[in-house]
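With the hints as constraints, model all of the structure from the sequences given.
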Amino acid sequence: MENIISITNLELRFGQSTIIKNFNLDVIKGQIVTLFGPSGCGKSSILKTILGMYRPNTGAVRIKGINAVEYSLPLAYTPQMNELLPWKTVAQNIELWNTESLKFFDKKYGLSKERALGLVELEGAANKYPRQLSGGMERRTALARCIATHSDILLLDEGLISVERRLRRHIMNVLRRHIKEQGITAVCISHDYEETIFMSDRILLLSANPAQIQKDFIVDLPADRGPEIFNTGSFTHAAMEIIAGGSLG
Amino acid sequence: MNLKSFATTLLTMLALLALWAGITYKGNIPELFFPKPQHVFRALLNLLSTPEFGQDVFASFYRVFTAFVLSIAVSYPLVMLTLINKHLKKVIFIPIEFFRYLPITVFVPLTILWFGIDDSGKIIIVFLGTFAQMVPMFYDSTVLLKNQYESFPAALKWSRVKVVSKVIIPGSAPYIFDNARICFGWAWTYLIIAELLGAEHGLGYAIIRSQRYLATDKIFAYVIVIGLIGLISDRLMVFTHKKLFNW
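Order-wise, the sequence lines are chains A and B. Per the working numbering, residue -17 is the first one in the first sequence, and the count goes up by one each step. Per the working numbering, residue 21 is the first one in the second sequence, and the count goes up by one each step.
Hints should not be assumed to be uniformly reliable.
[What the hints assert, rightly or not] Straight-line alpha carbon distances no greater than 25 Å define the calculated BS3-like cross-link-like pairs of lysine-lysine that follow:
(1) A/Lys85 to B/Lys186
(2) B/Lys177 to A/Lys85
(3) A/Lys70 to B/Lys166
(4) B/Lys263 to A/Lys110
(5) B/Lys182 to A/Lys70
(6) B/Lys262 to A/Lys70
(7) B/Lys177 to A/Lys89
(8) B/Lys186 to A/Lys110
(9) A/Lys46 to B/Lys177
(10) B/Lys182 to A/Lys85
(11) A/Lys70 to B/Lys177
[As the list claims (entries may be wrong)] Some chain A residues flagged as far from chain B (calculated, every beta-carbon gap over 12 Å):
(12) Gly41
(13) Tyr59
(14) Arg113
(15) Ser133
(16) Val156
(17) Gly227
These are computed hints drawn from the structure, not numbers from a lab. Nothing here was measured: the structure is a model prediction, and the numbers come from that model. No residue lacks a Cβ here, since even glycine has one placed at the ideal position from N, Cα and C.
This is the structure we're talking about:
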């Protein structure tokens, strides 16, 4: 299978402190990989090197064989701080990333603005400005913007954080199906083991700073998943793997 | 302005007026040093009926407004250019920092020497004073945005020019407007200094003219006029800010 994202011997330093050391990861086309580890271990920094925001001090980060800093196609992304434009409405924020990314691809990878709004249950807030939203609604807008972005690579930095449990399960369900149908390659970051197991094909348990892979395992669940999966033995087994890995938190 | 804040403002003004009246009526201070409110208000009413008053107000307004617009027209594009090309920042900021710490009065003799006492010298003085403050203030307003929306160039692969035009220009507009409002107040201060030191018309010059005739009540009247112009223009700018940036 074709490697879409390839990280080799990555080392990332900020001043005197080493954030990532000797980190390796290959993500194949259509795979959903979740980085699961304690806060501050450097998970977001790994995503930012894939985005080309950080240059590695040592090693290489490549997307489809191209240096990540030079990669010129859009990437669907949920930044940790949402980064919604306050002078644009919820719908306009989503539309901006949707239309800007469409120019680069023949295929429509992202959901339409309307479907993305519907998925996160924000149809009623489409014409509101970010200052009029609650923290959870802001997060859902950033998530909808990411899902509406046309890209064959999706990076979710705690994309479902602060989304209520009922809605989170629904979004996870639709999002995973969408990623699989479109053949999108995804790297996610999460602190929630339910989200991690449901969404992922593969989970990397990371140690505390500097992030090192403690465990790398394939989730033994069917590719086509629904809410019934939460009550299966395989789900519990995957949860036990995470707990045994000691990366909760 | 709601009723409560209007009442607070009115009460504050009345308290200041009462304090002024109390000092001048009971304090046994000679009228030449500190005139009574009624004399100042009479002088103010007399001023309003003279043709010189209109000329002075117009001359000052013309100078301050021209210099202010000129400052924005130069500093705003310069700041945007520093965001597109980071090497330009050092080239632009070092001379501006040098200028910023110079008292504006040091340029007055030079501008009189180069431009005489006509409008251009005053406009240059106000321009130099406000421009040197505007550049770092505008820069701070924009750089905040640049750091806040760092994922836009990374995820959408936008160029610096596109980030500046689509994110920084619209996003920084309220902060730029607010900082321009502060600079407008400083522009008035510089103008009055420039006019005090040499002019044919203008509110600063009018104060000097009144001083020559020991007309302290007129000096007070002009001070009130300058303060009122500042207050009204500031409130107008606050109102416009609310209307323009209601998001």
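Hints, one by one, checked against the model:
Using a Cα cut-off of 25 Å, the hinted pair A/Lys85 and B/Lys186 holds, with the two alpha carbons roughly 16 Å apart. Using a Cα cut-off of 25 Å, the hinted pair B/Lys177 and A/Lys85 holds, with the two alpha carbons roughly 12 Å apart. Of the supplied pair hints, the one linking A/Lys70 and B/Lys166 holds, its CA atoms being roughly 17 Å apart against a limit of 25 Å. Only pairs whose Cα atoms come within 25 Å are accepted, and B/Lys263 paired with A/Lys110 is accepted, the gap being roughly 17 Å.
Of the supplied pair hints, the one linking B/Lys182 and A/Lys70 holds, its CA atoms being roughly 17 Å apart against a limit of 25 Å. Annotation: proposed proximity of B/Lys262 to A/Lys70 holds, straight-line Cα distance about 16 Å (limit 25 Å). Taking the CA atoms of B/Lys177 and A/Lys89, the gap is about 18 Å. The hint holds against a cut of 25 Å. Note on B/Lys186 and A/Lys110: the hinted pairing holds, with a Cα-Cα distance of about 20 Å set against a maximum of 25 Å.
Restraint check for A/Lys46 and B/Lys177: the C-alpha separation of about 16 Å stays at or below 25 Å, so the hint holds. As the CA atoms of B/Lys182 and A/Lys85 are separated by approximately 15 Å, the hinted pair is consistent with the 25 Å bound. For the suggested pair A/Lys70 and B/Lys177, the alpha carbons sit about 20 Å apart, so the restraint of at most 25 Å is met. The beta carbon of A/Gly41 sits about 19 Å from the closest Cβ of chain B, which is more than 12 Å, so the claim that it is off the interface holds.
In this structure A/Tyr59 is not separated from chain B by more than 12 Å, as the shortest Cβ-Cβ distance comes to only about 4 Å. Not every C-beta of chain B lies more than 12 Å from that of A/Arg113, the closest at about 7 Å, which undercuts listing it as non-interface. The claim that A/Ser133 is not at the interface with chain B is violated, since a C-beta of that chain comes within 12 Å of its own (minimum 8 Å). With a closest Cβ-Cβ approach of about 21 Å to chain B, A/Val156 is found to remain outside the 12 Å limit, as its non-interface label requires.
Non-interface call for A/Gly227 relative to chain B: holds, since the shortest CB-CB distance, roughly 29 Å, exceeds 12 Å.
In this structure, the earlier hints numbered 13, 14, 15 are contradicted, and the remaining ones agree with it.
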